[in-house]
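Once you've looked at the hints, dock chain X against the given chain R.
The residues making up each chain are set out below.
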Amino acid sequence: MTSKRTTPVRGRPGAGPGSRRRVVSAALRWLALKLAGAAFVLWAVATLIFVGIRLIPGDPAEAILGGPGSQASAEALAAARAEHGLDLPLTAQYAMQLERLAQGDLGQSYSLRVPVAELLAEQLPGTLLLAALAWALAWLLALGLALWSTLGGRGAALVASGLEIAAAAVPHFWLASLLVLLFSNALAWLPPVSTNTPAGLVLPVTTLALPLAGFLGQVMRESMLTAISSPFALSARARGEREAGVLLRHGLRHAALPGIGLSGWALGSLVSGAVVVETIFARPGLGRTLLGAVTLRDVPLVTGVALASAAAYVVVMAAADLAERIADPRLRAA
Amino acid sequence: MSGPGSVPRGAGLPTGPRRSARLGAAAAGPPGLVAGGAGRLPALIAGAVAAVVVAAALAPGWLAPFDPLAIDPSAAFQAPSPAHWLGTDESGRDLLSRVIHGARDSLLIGAAATGVGLALALLLGVPAGLGAGGGRAGRWLDFGIGRVLEVLFALPGLLLALVFIALAGPGVATSVVAVGLGTAPGYARLIRTQVAVLRSSPMIEAAVVLGRPRGTILWRHLLPNALAPVLVLATLGLGQAVVWASALSFLGLGAPPPAPEWGSMLSAGRTYLGIAWWMTVFPGLAVVAVAASSTVLGRALSRRAAGL
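First to last, the protein sequences are chains R and X.
According to our numbering, the residues represented by the first sequence are -4 to 329, in order.
According to our numbering, the residues represented by the second sequence are 19 to 326, in order.
Chain R on its own, in the form it takes in the complex:
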């Protein structure tokens, strides 16, 4: 089904200017749909937090400034009331909040006294690097596992299911601690504090990648095993394609599909993991910023990180949708 010869979707005959226009308009429609979806999700997350602050018993100004225990000064409370329009009716407050968000104004972090948008821009690259490397490593490990088991590795099934149970059961924070104990304390190979050097990235990236690889590996392995024993693989072999070709052209593609489908979930694992990993390895980044903000109940900053992460989720889901279409011609025809 995935063979070029059986589904000539890509090089559609008669791809004249008319059909190109159709392709462009379909792409625009797709983009518009995704943008509308993204706007909806961001609006809903902002609304959720707005309602949440007002549902918590007590003074919302105090809630914004760190909860009842924060002992915010009278001036700070007054400033927060003015900034968020807390004297206005609820609908006006809500409109004000949305208007500011629409202008890209995420407010001021009360604990760090810096605009939230500035903080996010500053902390994002480090986390992005960490997450991207971990994601790549997890895919490599998972695909390797899938290939190994189709090539007849009898241990692969055991490693895969062992890794998967470990992925479900081993918390990031414990894995990180064990890696530090082994590689920093006992062997002194790698630093326990993460920097943006290769040596400083190994432990945090491994911590994030291993659980992810466990889940991805299991689904990729099964999808690949199903693919290479299905009729289209047989017909590819009958056409004279070599086993390596079958594996690389069909097996890998089918292994990748469920992995792409799990992208949203993988992002969640990486975001939660980043909170823990950045804290343990004393690495600056969004996760550690979020934990600090949650501990101090810095609501504007928490809102900012939540919105950024929801935006990342929307982008990842759109990218996954696109990647799925590229990898799976059956979806393109539809």
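Some clues are possibly wrong.
To be verified - With the Cβ distance kept under 10 Å, some of the chain X side facing chain R (calculated, not the full set):
(1) Ala172
(2) Ala179
(3) Gly270
(4) Leu284
(5) Trp295
(6) Thr313
Since the hints were made in silico from the structure, they are not lab data.
All values reported here derive from a predicted model rather than from experimental measurement.
Cβ coordinates follow ideal geometry from the N, Cα and C atoms, glycine included.
Using the frame of chain R, we list chain X on its own:
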């Protein structure tokens, strides 16, 4: 912390109709219900581990050799020895006793969080599932709840829990609700699918034709059948909830330090990672044992439910 996204993934169950089928496949967690291929031995081991942990939670005093809170500064930071099998912590408290006593709090928090998650999920999932096959209003309800779930999925993993803690303040009760909240969207999606499939099943049709009252159909026929697979997943989810709750305590957002709860013991252990590895290794091993056995048991149950 791999996330209860990993729990209610709904794999192996019929996916929802139309568009949501693809959406569901893309957004939900990994299909962990795929058979591990192992025999009965893992399930037996997992059952034995679970029995020991439950025994520790029910009667910690019988199993623990020492008082988990008894401070003895002269015995601080002792490595594992015949006297203290798992060593002692920074205040000279016996680690084995603390791990045994920690079972109760950790399990209770995990079970309560799973309960909260399931209750929220029922509130969202049952109306959506009933609406999915119903009239115009029902389909709108299903659509609305579906969008709500989509938004909750956009705050994945620990994020929803952390946002909730930021609003409500840290503590044991908050972390129970927070973990429950984080797991609810996944369960809700599964319950919705279950209810939607059941609603159009011949069994329910027969009950409707026989003129049974709506309440009876809901409580006697629909819910029990929808809940059976969900309870299997809750077995899987319990371990995840324990992991999440311990992660929150580890981050200093859950149970406060003196209590013998695994996560807060690990948080203390982190401070002394360089000098007392046992303070990190053993409480973590307890968390992993609970999570792994609940995963293995949950899978064995779901395989049995699927008739494999």
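Verification of the hints:
1. Ala172: Check passed: Cβ of X/Ala172 comes within 4 Å of chain R, closer than 10 Å.
2. Ala179: 9 Å, holds
3. Gly270: Holds, because the Cβ-Cβ distance from X/Gly270 to chain R comes to roughly 7 Å (cut-off 10 Å).
4. Leu284: 7 Å, holds
5. Trp295: 5 Å, holds
6. Thr313: 5 Å, holds
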